[in-house]
Amino acid sequence: MSENPHPELINVAPGEPHDSMLSETISYIVGLGLALVLTGISFWVASTSSLWGPGVAVGLVVLAIAQMGVHLVFFLHITSGPDNTNNVLALAFGVLIVFLVMVGTIWIMAHLAANMGPTPEMTNMHLQH
Amino acid sequence: MSTISETPTVGLTHGGSEDTGLGQRGPESKSIVVPYGFWLFVLSDMVLFSTLFATYASLVNATDGGPTTSQLFDRNLVAVETMALLISSFVCGLAMITAKRKNMVWTQLWLLLTGLLGLVFLSIEIYEFTSMIAEGAGPQRSAFLSSFFTLVGCHGAHVTAGLLWLGTMMAQIWAKGFRQDITRRLLCFSVFWHALDIIWVAIFTIVYLIGTLP
Numbered sequence: 001m002s003e004n005p006h007p008e009l010i011n012v013a014p015g016e017p018h019d020s021m022l023s024e025t026i027s028y029i030v031g032l033g034l035a036l037v038l039t040g041i042s043f044w045v046a047s048t049s050s051l052w053g054p055g056v057a058v059g060l061v062v063l064a065i066a067q068m069g070v071h072l073v074f075f076l077h078i079t080s081g082p083d084n085t086n087n088v089l090a091l092a093f094g095v096l097i098v099f100l101v102m103v104g105t106i107w108i109m110a111h112l113a114a115n116m117g118p119t120p121e122m123t124n125m126h127l128q129h
Numbered sequence: 130m131s132t133i134s135e136t137p138t139v140g141l142t143h144g145g146s147e148d149t150g151l152g153q154r155g156p157e158s159k160s161i162v163v164p165y166g167f168w169l170f171v172l173s174d175m176v177l178f179s180t181l182f183a184t185y186a187s188l189v190n191a192t193d194g195g196p197t198t199s200q201l202f203d204r205n206l207v208a209v210e211t212m213a214l215l216i217s218s219f220v221c222g223l224a225m226i227t228a229k230r231k232n233m234v235w236t237q238l239w240l241l242l243t244g245l246l247g248l249v250f251l252s253i254e255i256y257e258f259t260s261m262i263a264e265g266a267g268p269q270r271s272a273f274l275s276s277f278f279t280l281v282g283c284h285g286a287h288v289t290a291g292l293l294w295l296g297t298m299m300a301q302i303w304a305k306g307f308r309q310d311i312t313r314r315l316l317c318f319s320v321f322w323h324a325l326d327i328i329w330v331a332i333f334t335i336v337y338l339i340g341t342l343p
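First to last, the protein sequences are chains A and B. Residue 51 in this note's numbering is what sits at position 51 of the first sequence, and the numbering runs on without skipping anything. Residue 203 in this note's numbering is what sits at position 74 of the second sequence, and the numbering runs on without skipping anything.
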């Protein structure tokens with residue numbers, strides 16, 4: 001807050017660049033670099049056979065979440081600063097709903113599929129069409 | 130924080146004569162409120178995509194004897210798409226930096242590059258969709274393909290809308306200059322464009338990479 005050149009601003013818009021041209025350019029370049037590295041690791045992890053198979057999918061999801069964080073911080077300038085409280089709170093609520101919808105659906109539908117194994121008629125239909 | 134109460138007029142959007150219930154400062158200025166409202170829209174858009182992701186995850190194995198994920202997807206094509214969209218997002222950031230300095234030539238150039246890279250992404254996606262449909266792997270083939278075309282197609286529709294918006298913004302900046310309302314719209318566009326890249330990260334991981342694991 002002390003180095004804020006506009007002390008009257010207690011909120012900042014998402015995606016709004018900083019005030020120094022150099023620092024904001026560096027921010028975008030660092031973000032691009034990190035995103036490229038994470039994308040590269042993702043594609044490498046998906047194609048290599050030297051990793052433990054069942055862990056690869058989990059690792060890919062972790063890498064994706066990390067890259068989303070990089071995009072939020074370096075491209076959308078969502079920070080933990082006091083001028084960003086509203087943006088972060090809205091983001092937290094969005095993440096909560098996304099988490100509930102995805103985990104809830106996948107959990108329930110997987111149990112439903114496990115408890116309703118295909119009947120012989122259904123298997124035949126699969127074969128016919 | 131003490132300076133806030135000393136400068137109550139900054140950020141006021143009304144005369145300040147009546148009590149708004151928002152304290153002495155009154156509501157924030159439009160340059161904060163509008164992008165914040167747009168941020169809420171983008172987050173709700175991500176909630177929309179989460180339902181499509183959940184549908185896809187539930188139906189990914191419902192192939193009805195038709196083609197499966199590892200038979201359909203081409204990782205090299207996806208790598209090019211990913212690069213195009215990521216660099217487009219980065220260049221859009223550069224356009225925001227030059228737009229803040231009201232540099233017309235560089236802003237237009239960066240925005241043009243943003244749009245061209247978006248067009249590269251969209252062309253590859255359309256090529257992928259048409260070749261899949263030509264192979265008989267259209268959206269009506271199986272529940273898996275219906276959910277695939279809905280999810281990835283919805284992202285593609287967003288990119289298309291973004292490109293139309295981008296063209297509009299370039300024309301508006303050209304015709305009206307860096308007026309306050311124009312730069313506000315441009316900021317909203319950049320938030321939209323970055324958000325599309327965030328959703329693409331989830332798509333290329335969940336749909337394409339996990340779908341083509343050995």
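In short, the hints are calculated from the structure, not lab data. Don't take every hint at face value.
[Stated by the list, open to error] Listing some non-contacts, in silico: residues in chain B with all C-beta distances to chain A over 10 Å:
1) V163
2) P196
3) A208
4) K231
5) Q237
6) F258
7) A263
8) G285
9) T297
10) I311
11) D326
[Claimed, not checked] With the Cβ distance kept under 10 Å, some of the chain A side facing chain B (calculated, not the full set):
12) N11
13) S49
14) L72
15) F75
Every residue gets a Cβ at the ideal spot worked out from N, C-alpha and C, and that includes glycine.
Among the hints numbered above, which are violated by the structure, and what are their numbers in rising order?
-> Hints 1, 3 and 11 are the ones this structure does not satisfy, whereas the remaining hints hold.
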